[in-house]
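Enquirer: Residue numbers (my numbering), protein chains in the order written: chain U, 11 to 425; chain E, 162 to 647; chain Y, 9 to 252.
If you are wondering where the hints come from, they were derived from the structure by calculation, not from laboratory data. Keep in mind that the hints are not guaranteed to be accurate.
Quick list of in silico lysine-lysine cross-link-like pairs, DSSO-like style, CA-CA up to 30 angstroms [said to hold, decoys possible]:
(1) Y/Lys-59 to E/Lys-565
(2) Y/Lys-18 to E/Lys-636
(3) U/Lys-66 to E/Lys-523
(4) U/Lys-213 to U/Lys-32
(5) E/Lys-636 to Y/Lys-129
(6) E/Lys-547 to U/Lys-332
(7) U/Lys-418 to U/Lys-332
(8) E/Lys-326 to U/Lys-57
(9) U/Lys-160 to U/Lys-117
(10) U/Lys-42 to E/Lys-636
(11) E/Lys-512 to U/Lys-244
(12) E/Lys-512 to E/Lys-239
(13) E/Lys-326 to E/Lys-222
(14) U/Lys-303 to Y/Lys-201
(15) E/Lys-547 to U/Lys-63
Computed from a prediction, not measured in an experiment: that's the story for all the values here.
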Amino acid sequence: MEKQLIKDFEKSFKNSNLDSEKINLKKEFLNKFIKEGLPGKNLENWKFSDLSKIIKTEIGDLSFYNDISSPNKIDPSIYLKGMEHNSIVFINGRVEKINLKFEEIDKVEISEDFQSDKTSLDINSLVNLNSAFAEKNFLLTVKENYSFKKPLVVYHYTNKKIKSQNLNLRLNFELEKNTSLKLIDVLDDFSEKNFINTFYSFKLNEDAILKNYKLDIKNNSNIKYSFTNFEQEKNSLSETFILSSGSDFNKNEINCNLNGNYSSAFVNGILSLNKKKHHEIRTNVNHLTESTKSYQLIKSVLENNARAVYQGKIFVSSDAQKTDGYQLSKAILLEDTTEFNAKPELEIYADDVKCSHGSASGSLNENSIFYIMSRGLNYKQAKELLINGFLLDVINKITDEDVKNLIKTMIGIKE
Amino acid sequence: MKTESSQNSREKEIEKLKKYKYGFSTDIENIKAPKGLNEEVIRFISNIKKEPKWLLDWRLKAYQRLKVLKEPNWQKPKYPKINYQDLYYYSAPKSFKEKPKSLDELDPKLLETYKKLGIPLQEQKRLNNIAVDAVFDSVSVATTFKDKLTEKGIIFCSISEAIQKHPELVRKYLGSVIPLTDHFFATLNSAVFTDGSFVYVPPGVRCPMELSTYFRINASDTGQFERTLIIADKGSYVSYLEGCTAPMRDENQLHAANVELIALDDAEIKYSTVQNWYPGDKDGKGGIYNFVTKRGLCKGKNSKISWTQVETGSAITWKYPSCILKGDNSIGEFYSIAITNNHQKADTGTKMIHLGKNTKSKIISKGISAGFSDMTYRGLVDISKKADNSRNYTQCDSLLMGNKCGAHTVPYIKNKNSGSNLAHEATTSKISEEQLHYCQQRGLNSEEAVGLIVNGFCKEVLQQLPMEFAVEAQKLVGISLEGSVG
Amino acid sequence: MLKINNLNAKVGEKSILNDFSLDIKPGEVHAIMGPNGSGKSTLSNILSGKKGYDVSGEIKFEGIDLFSLETEERAHKGIFLAFQYPLEIPGVNTNIFLKTSLNAIRKARGENELDALEFLKLVKQKSKELKFDEEKLNRQLNVGFSGGEKKKNEILQMSILNPKLSILDETDSGLDIDALKTVAQGVNALRKKNNSFLIITHYQRLLDYIKPDHVHVLMNGKITKSGGPDLALELEKKGYEGLN
Ligand SMILES: Nc1ncnc2c1ncn2[C@@H]1O[C@H](COP(=O)(O)OP(=O)(O)O)[C@@H](O)[C@H]1O
Ligand SMILES: [Mg+2]
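All chains, full assembly: derive it from the sequences and hints.
Expert: Structure representation (structure tokens):
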């Protein structure tokens, strides 16, 4: 792989207009990645999902060169209907279009290729890979006291042109004081057998509110990894919702640093999997100062050889008195071929805190099925009804009504 | 024998003694194997114990394996590198060269020691309904109540004696739960284990009394590597208690025991530990490294193994008493209280491996950390594909006192069976000001109040202990937290 | 017995008690009445030694500066507080709690500690007097007790610990008439022996059964009016607003 990496790197940046300092920085990240390689079982974080092995068996050799010289045409049918929104369109990893037509022009700034700090990016080998190859390094800044009027939808679209390829996508967001943004990621794949590596970073200043909905719905055989970092200042709020279902493999990692008093983070998610799919959500919520709050609820429904993993860690530093941390994961295993693994972790160094976690997994309650069937429904209907109820609970955690309804229709949930 | 490092001023000694009441050492002449770990030492141990060849070979095989094994380092508490060549692997009081036939032949000094520990072997014989096997450094000193047990066909003796008298049982089960090659410390134990207890309860017999072992490390620079093997044959029941103390020494001493339990069809084993090894002084100097491997195999259908532990001692505790639930309908339980204070560290928990159908496990863990200490609960619940209709319930609660200590909860939960149910709950909290105030308003001082509230917090586990032990454990819980409030 | 002079209490910036003064003599029963939030519980908390208040002024109990004593030392000296909201302490057996607490106090007073049998006898007798279901004493302290049971448990503790000064913080709230009588009975039994009481209440009702020597009205952290038992009746009729 090493040779391929070096070759593809040369090819990618041969004609680039980046200055030599930036290229050298990228090279540094490349070398780091070469040294570390793709993560595998030997790493604690990857105990349940051996990425290096999965890529080897599902894709084989990867190509890291992504031809972005010519634009792709955007098929307008990809756009979400029934909801006015701004958009950023990625096609095969290339930024094709940024459209913020609903917003005030001087309230939003997009700077290209902003200088990201070297040390803060040294997070793990996949982020290093991303730093080495990501084409553009956009920073979207929401100016003080401005709230986005409409949601911003980021389309992660891929088509048949690419195969066995590694794509590296990256976006940075800074929300200045007292701002808000609703961000919806739509993963829309028509390609097969690629490895897509996404890195997001959010900086939330005082009183900022960010809502991020990540939707992976469409069936596809790609392998995906996404790392999202949050830095949260005083009184800021983040809400993340992950709907993880479509890709063959998807691991979402969320790292959240609650740096300011009264900041809070909510991470909720659904892993709805079938057909040998293997998805993981891993969270790291770090309570670093007083009076911060986090809440996590992850639900999985598994059938037909699917595997779901939830690793969630709440860390409370000794300065973080009055922390309120909560975490719950639940899974329904519909068949014996499925598997649910969890590692809910607490690491706590302050004594005046309220922290708890819970995890439960098992089959659908036969008594409930019996009860429903005694009211005249058949087994399948009873089962659906119960799964609906199971998932509704976490969907109702979504605070945005439009998105809530969108997701309900997407996964066919009736109330 | 070496005495305590003598430069310590008298006052310091007294101060220490107040805190750890088992911290005396006994002046008894010892026979030791030469320092260091090598084939010679292993042969020496095997020879002095007149072991059969198969056992020597078994030990040597473990030793060969050990040479390629690495010490694990994934645990949270780190410790300075142990020089395994600088330890004694065998130490026995000289008067033991020929094992005493009866208690009357015991060195009076030894009897005195055990009396100080609250285990008067002679009185015990008459008063309490507990049979005791006492292990002093490396050898088993005496087993009380033998006659009464023999009547029922129960074998309770030192493992050395069992090797001589019941080799077929030992050979069949030794290493059957903890394989020779399991991991570094378990393998080390297999190579050099010196003594320990052996219990066999024949089919259908309910052991009429608690069986108990008391471990004491006395000699300095001595590792203690005892080995315990308990077999409950079909339809039998036994309850076993283990207690431990050690004198205070400035250096760290290693304790790496292996305990194997085997429960056949319909049998039940209850294993309780009150671990109060010397924890080191309040600055973290000295104390025992307690790296123990305990594993039970529910081999037969409807069998049950229940571990209860109260871990208050040791500088570092690192152990996971586990159950392999192989027999259908078998049950595994783990009840634990772990308390760390000052600079103590503990990384403890359990593994419940569900292999058979309808197997059930229950984990109740209560961790309390104070001072500068660090506490980790680490556990694994693994429900395999074939373990239909299995259940696990886990409850892990931690209590922190102050913000210089840490509490870490790391459960691994694996479910591969759709017909099985797993539930895990964990909380971390502190003693509320309101609760303290309430108790103090009723006249209790803050330490008494904390002791009371903490005992309440631990109640579910304390209830599992046999009566005599529960009282002792309750006191220990209070003592362990002394100096941690206010 | 208890002399409070110009007590001021603040939590952070909020001042709760302002120049509060009160003098309770041995054998006297004082009632304090006042609207919600007037500072009644703050007063009882401070008397019992609860931390978290900035206080100034002077409190003397039998001539000793109360601020120099820890909470438990005050209890040893004979101050008892029946909490407005008695706490639940999971896992702690009520009987064991009571015995530990009684013996701590006896020990501090230089009396011999009671053994299990003597204690049991005492508890039996007191429970019977106060019609307290003895079986409940084998449960965890206040866990799963109803509101009324918790309050009765406080009174049981009071009669067992035999304090010199008992402070009852709205012990009557939420009690039915029978329970109310029991509370009064507990107080009156202790009263005979020349002990003093500070009874905090909203209602005149309890004072029908425990006749106070003095009644005070507490408003905004200050006693605005004092009088005899009749003041309570007047309050009942006119309300706090009607007083001046
Ligand atoms: N710890 C505290 N922090 C802030 N305010 C408090 C605190 N304790 C009491 N208070 C306030 O002081 C006032 C008096 O409270 P309290 O003594 O409980 O009143 P009462 O018992 O008369 O109803 C109330 O306004 C209450 O909100
Ligand atoms: Mg009040």
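Enquirer: Next, verify each hint and record whether it holds.
Expert: Status of each hint after checking the structure:
no., hint, verdict
1, Y/Lys-59 to E/Lys-565, "holds, 22 angstroms"
2, Y/Lys-18 to E/Lys-636, "violated, 40 angstroms"
3, U/Lys-66 to E/Lys-523, "violated, 39 angstroms"
4, U/Lys-213 to U/Lys-32, "holds, 22 angstroms"
5, E/Lys-636 to Y/Lys-129, "holds, 25 angstroms"
6, E/Lys-547 to U/Lys-332, "violated, 44 angstroms"
7, U/Lys-418 to U/Lys-332, "violated, 35 angstroms"
8, E/Lys-326 to U/Lys-57, "violated, 46 angstroms"
9, U/Lys-160 to U/Lys-117, "holds, 13 angstroms"
10, U/Lys-42 to E/Lys-636, "violated, 55 angstroms"
11, E/Lys-512 to U/Lys-244, "violated, 41 angstroms"
12, E/Lys-512 to E/Lys-239, "holds, 21 angstroms"
13, E/Lys-326 to E/Lys-222, "holds, 23 angstroms"
14, U/Lys-303 to Y/Lys-201, "violated, 53 angstroms"
15, E/Lys-547 to U/Lys-63, "holds, 26 angstroms"
In this structure, the hints that do not hold are numbers 2, 3, 6, 7, 8, 10, 11 and 14, in rising order.
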